[in-house]
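Engineer: Produce the complete structure using the sequences and hints provided.
Protein chains in written order, with the working numbering: chain A, 1430 to 1541; chain B, 78 to 574; chain C, 196 to 315; chain D, 271 to 347.
None of these hints come from the bench; they were simulated from the model.
Some hints could be false.
[Said to hold, decoys possible] Covered stretches of chain C (in silico footprint by chain D; criterion: 3 or more residues with CB under 8 Å from a CB of chain D, positions within the stretch not fixed): (1) 230 to 244; (2) 252 to 265; (3) 278 to 284; (4) 292 to 306.
Quick reminder that beta carbons are idealized off the backbone N, C-alpha and C, glycines included.
Residues per chain are reported as follows:
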Amino acid sequence: MNIYDIILKKIKDVRMETGDDEPVSNMAASSMLTAEITIISTLLIAVVMLRLLNKTLMIGSVVLIFVLAIVAMPIMPRLKREQNDSLASMSFYVIIGLGIIVTLFYWGNLNG
Amino acid sequence: MNYLIPLMVVIPITCALFLNLLHERTRTVKAISIIVALALPTVPLIANYGVQYFGGYPPLAQNPTIAVGLPTLITGTALNIFHPAITYVFGSAQKLMIVILGFIALFAIYISLYEVKKASGVYAYLMLMGTASIIAMLLSDDIFNLYVFFEIAALAQVGIVLVSKVDYNYETALKYMILGSIASPLLLIGIALLLGVTGNVNITDIVYSIQHGLVNPQSPVLLMACSLIIFGWLYGTGLPPFHTIKSAMYSKALPTGAALLQAFSVFSFVAIGIIILRIFSYLPFAHIFIIGISLVAMTLGITMAITQTDFKRLIAYLAVGELGYIGIGLGLGTALGITAGLFQAVNEAVITAFLFIGFGTIMYKTKETDMRKLGGMLVETPKSALLVLLAGLAMAGVPPFNAFQSKLMLVQASLNSGLPEIAIIMVLLSIVTFMTFMRAFHTIYLRPKPADLEIKNEKIPNITLVAMVAFLVVCLVFGLFPQIATNFLQGMAMSIA
Amino acid sequence: MIMDTQLASLLTAGALIVIGIFGTLFLDNLIKKVISLAFIGDGANLFLIAMGYKVGGIVYIFLPGMSMSNFSQNASYPLPFALVLTSIVIGASTMAVMLGIIILLNKKYGSLSASKILGE
Amino acid sequence: MIEYIFMITTILGSIICLMQRDLLKAAILTGIPGASLAFLYQYLQAPDVALTQAIVGSAIIPVFFALAVYRTRRVED
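Structural biologist: Okay, structure coming up:
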């Protein structure tokens, strides 16, 4: 069993959990895979910017995020399920976003 | 007195209201729309740079006849230079952006007039109203005036989606309005806090008050105002957490409407983003936050685009992701970065409109948007296929097109600011953008035609092809001679940085 | 006096906004969602009005017979009030559009439940 | 002193309005916070805004809601 089959199987498993009964085509699997790699690599590169703050913190968080990403491997199907079009989830994220922005601006500017 | 500056807003609004009255008279509607649409890019092109004070009240310092005999309590203090009237500033950067917006609106209106049998006055009304309010947002130096036009633009966007007759457009419009009715009162409160601290709604005066110590810049009320205004900015432009609803809005509009809607988002992004930078650039965290939210927008937008099966939604997510590039340029805060960001904004508005209209020809021929049911369209529409391919290359940033120049400038700016990681992420995501586009292009045009796909035997209107060629010419001109655009934008970037 | 009027009205505005956001998030009926959104807008308007209020001040209308210096020292700040007028009208028109869409959606679905109409 | 009473009626009125099961009652009860706000604006030294709010908040908006309820359904399901 090569890696591609493992990934295909994992995506199928996640689909099964969500009750999404569309057939998994080659195209869908490869695009999910691309999205997965893109999101993990972007996250890792972005975390490297923590070096401006503290080098040890940067190394620690890069390793931590790498391990977490490997463990939670199919991130993308879950992420896609979170970003659906229902009003309930959208307004939930809007309010969470408002909370995060207000807190960050208070904390970031008073202690930065 | 430079009367052309207010006329840029007044002409489209007046004609829009007039068009709405002419409901059944198709030919009159057509004639008026054609003339007004032509006026949209030409009026800013011939207008001179200047400042317009509504009601004719310039600051006292520039108006010595009134200032005579006033006590020194007024003439000796900052009140002397404060702006009593709503002020519109028309500089070189505004000129380029309004011309480009007018250009996109011109072709959107023309295509909408010729693609349907019966021209609808209501659709033209909504498009003109939205364009006028975005022009006013770009011009306005008054933060409450900006809020009013922001709300009008939101209503016009909802209207453009409501008239589209695409499935589930009412639901999406209602969702957008509900989220908007949460976000825009919060933006209003942000403006109210700014007004409460500085006693002013004119942005130049607010900046003066903050920089000259008339108010305490570290006051927590100002921090709160900054966070609420940024929240309203996220809503108006469709950055996360609003990216799902904004991309749904694009995909539920007609292709012409979608092309115009994303131009609205891009230019309101620029208009409000510049205001945030002007007022709050003394907060170091504001820059970090803008860069962070732009990175999130780019990543989420582009990765979500890959997984879509509906091609309109795919381009919609790509459009949201491309907004992140502008945000990076603004967030870097250097003169080069801001110039690159503004240049990218101009380019992106053109290219995404190009893509929406180009893929719109598929909808015109087949009435189908699901990529799994499409294929083999190259034989049917070879000319528009070539143009769409060029648009996709332009969006991904392939040289000789314009986005290559602006993305190159962005990479240089981020390297100069000592953040090579951002440059790497931008290049990586450009490659993924290209891959996403090529996947859509392959499935729609190159793959063999599915048996059950019905293709209508209607010719694509010539005006659509003309519009696409015109967009291509703009892309090529800005790509080969980027100085044309950057010379216009540099002045504003220098004044902010 | 326990609390001055300005602070109390700011708190009222905050309470209206919180009630409105709560209603928007947790009530399922669309008409009630829109009513809650109207409360958020009202809260924002009251907030602006409270910004311009001046404790112990007078109304900002200059009537004949008033002393100029007394007026300029005690009048409340009229700019926020002028803004609220616009804001009230914008809020009312947004409300009307939303109710129009809701009437159309009720025809299509035969229901006013947000989870049925606006979910997925 | 009287402004505190209007503040309390605004908040209580909005809560009671959202607690109704009958939508027509809820629509008409939106007039209470609207009218209280109009009086409150008068006490906050803004008579012209109070006039507008009295018309929009206590007459036009409840009528809009009542018409919408009349065109759709009266009981929450």
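Engineer: Take the hints in turn and mark each one as holding or not.
Structural biologist: Hint-by-hint comparison with the structure:
1. 230 to 244: holds (count 8)
2. 252 to 265: holds (count 5)
3. 278 to 284: Result for this restraint: holds, n = 4.
4. 292 to 306: Holds, because 5 residues of the segment 292 to 306 of chain C bring their Cβ atoms closer than 8 Å to Cβ atoms of chain D.
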